[in-house]
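Line by line, the protein sequences are chains C and S.
For the first sequence, the positions run 1 to 428 when our numbering is used.
For the second sequence, the positions run 1 to 238 when our numbering is used.
It cannot be assumed that every hint is accurate.
Okay, derived cross-link-like pairs now, DSS-like style, lysine-lysine, Cα gap no bigger than 30 Å in a straight line [unchecked claim]:
#1 C/K415 / S/K147
#2 C/K167 / C/K211
#3 C/K415 / S/K82
#4 C/K159 / C/K192
#5 C/K350 / S/K124
#6 C/K159 / C/K127
#7 C/K345 / S/K215
#8 S/K215 / C/K415
#9 S/K132 / C/K415
#10 C/K237 / C/K149
#11 S/K147 / C/K8
#12 C/K350 / S/K84
#13 C/K345 / S/K184
#14 C/K127 / C/K8
#15 S/K215 / S/K70
#16 S/K11 / S/K70
Chain S is faced by these chain C residues, among others (derived, beta-carbon under 8 Å) [said to hold, decoys possible]:
#17 D99
#18 A103
#19 A341
#20 N346
#21 P421
These are calculated hints, taken from the structure and not from any lab test.
Glycine included, C-beta positions come from ideal geometry on N, C-alpha and C.
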Amino acid sequence: MLIWENIKLAFSSLLANKMRALLTMLGIIIGIGSVIAIMTISSSLTNAVSASFQEMGANNVNVGLKERSEDTTSTRSGLNFGSSNKTASMEESDLITDDMIDALKSQMKDQIDAIAISESLGSGTIKDGSDYANITVEGINQDYFAANKLKLVAGRHIKASDLSGSKNVIMVSDKVVDNMFEGSKNKALSEKVNVNINNVYYSYYIVGIYKYEETGFSSSTEEDATTSAYIPLTTAKEQARADDGYSRLTVVSSTVVSDISAFADSIETFFYPYYMGNEDYQITTTTMESMTESMGDMIRTITIAIAFIAGISLLVGGIGVMNIMLVSITERTREIGTRKALGAKNSSIKLQFITESVILCLIGGIFGIVLGFTLGAVAATLLGYTAAVPITAIFLAVGFSMIIGIFFGYYPANKAARLHPIDALRYE
Amino acid sequence: MPNKERHAIIKLSNIVKRFFVGRPNELEILHGIDLEVREGEFLSIVGESGSGKSTLMNIIGALDQPTEGKYVLDGTDVCQAKDKKLSEIRNQKIGFVFQTYNLVARSTALSNVELPMLYAGISKQERHARAKGLLEMVGMEERMAHKSDELSGGQKQRVAIARAMANNPSIILADEPTGSLDSKTGRVIMDIFHRLHCEEGKTIVFITHSPELAKETQRIVTLSDGMIADIREGGRIC
Chain C
1 MLIWENIKLA FSSLLANKMR ALLTMLGIII GIGSVIAIMT ISSSLTNAVS ASFQEMGANN
61 VNVGLKERSE DTTSTRSGLN FGSSNKTASM EESDLITDDM IDALKSQMKD QIDAIAISES
121 LGSGTIKDGS DYANITVEGI NQDYFAANKL KLVAGRHIKA SDLSGSKNVI MVSDKVVDNM
181 FEGSKNKALS EKVNVNINNV YYSYYIVGIY KYEETGFSSS TEEDATTSAY IPLTTAKEQA
241 RADDGYSRLT VVSSTVVSDI SAFADSIETF FYPYYMGNED YQITTTTMES MTESMGDMIR
301 TITIAIAFIA GISLLVGGIG VMNIMLVSIT ERTREIGTRK ALGAKNSSIK LQFITESVIL
361 CLIGGIFGIV LGFTLGAVAA TLLGYTAAVP ITAIFLAVGF SMIIGIFFGY YPANKAARLH
421 PIDALRYE
Chain S
1 MPNKERHAII KLSNIVKRFF VGRPNELEIL HGIDLEVREG EFLSIVGESG SGKSTLMNII
61 GALDQPTEGK YVLDGTDVCQ AKDKKLSEIR NQKIGFVFQT YNLVARSTAL SNVELPMLYA
121 GISKQERHAR AKGLLEMVGM EERMAHKSDE LSGGQKQRVA IARAMANNPS IILADEPTGS
181 LDSKTGRVIM DIFHRLHCEE GKTIVFITHS PELAKETQRI VTLSDGMIAD IREGGRIC
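The shape of chain C in the complex, shown without the other chains (with noise of 0.2 Å):
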């Protein structure tokens, strides 16, 4: 009842005093705001990131060479594996082989829909005159399009006769068509093309073109975006003079495989017998699942470290809070006086200033909320994801605001609780 009363009483002395409680307010509008900003960009990027991650498959497992090190358990929240590099050191007898495919397909019938391979031929440039567009060639087999969903807008895929024939044939992306040949794709459909990868130059026909989607982290504005070409893994193993076998390759599991963890786990465990007397290499395996765990950590880590800057504010806004709390009591000194001359307890007067404390952060931790998620939604929206609101966020600031407005208002309201009354109803 008393506290139903303290909130009444409270509203009508901010009211009285509007100015002043709007410009104390706003270090907490600005401190809960800014943390709110963050969070919901945060929560904004991890949504683009886990859901690009989801869209280049979340049924797939990469399964990649690594080296061994000095400490062999193999991890796999790692980004690192797979990296082209590597294959310099990389002997023929190190590589994967379309046997140990073979017998991995055969093994896990049911729970493997296809299998991807892709091996980089190189980044190079697309010139026709003053034309040229930046792609990295990547030879692949027929179930790549399984692993990699690619939006096909004109022409075809790779087919089993372009792998069989090693073909030079290429699918590139709607942007090459866009640079090279004014975005006409009947135009550069069967078109001829030359691509310059390390000086060497190899010429393909278009065959496919398939849309570029932007990633949650690629910046695709400029209009010389480097975009993915795709060519026959046999073209590309002829071209490049390469070894038989492979470094890296996709595993799509089939919808009877519930768990891409263990999935990925029996993966490892089918390559181990191969790997096992190789001193240099060995199988590691990485999942969507994992890698947008350990990006998400990273994204959740550095949104701490901005959101506790943000949080300063928050300590000077409640700085604030008390000073124009003390000022309040001061100013109505008599007023405590005479409160206390008709029967008020010390606790009441101090509950009184304390929940007269906790509205005004309260308040304030509402506009910053409505505020952060403001900012927050342009900010995203800016930088292209999709907004998200994290919803804790609000449970957290409105009960954030409160302690601020306790702990920053308890030691004005002590004050007040302990005026001798004598010495408040004299006051001037």
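Go by the hints and put chain S onto chain C.
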């Protein structure tokens, strides 16, 4: 109505009050006051400035405690009471009327009267009904919803008297209640006190420096230099 055989509601014996204004200086304001106020009595305390009137009033009002001596208010030993108990005594047994009204600004007349009942933990409906009745008694029912800063001095003092009556206290302690008012308005306030005394049988301790107003009370206690210099019968009896 009030008669002298009634029991003493205020018993002050050998009240001494000293203030310590930095060692070794100490200032003795009251030098052993003995006073009894009977239930239903209308008593005035007069004296020059600096005679110790206010200090005595603060002690009677349980706002302060004596350095020495004993004070029993309506059977409760005030000297032994701690802060919380003193709040209760002020809330339940004493109704204050101040010279400067001391209404809570920004609050309506009604909420001002409800305030002591709020601290007594009385329910909202009861508070409301009682406060309304008290404001009617002092002739302020028309202005119940007005904020205190929208009222004139006389009106404020009437609200303050209604507030003093809120918890039906044992005594009403009025500290120069007409001091800030013109004589006509002061008269209205005095008449309310007489009504409370004669009709409600309230014990009233009235502090004033006006000999004329003091004469209207039943007994006049004159303080001088922190001691009771004179006690005499007043004029007006119900």
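Hints that the structure is at odds with (numbers, increasing):
7, 8, 9, 13, 14, 17, 18
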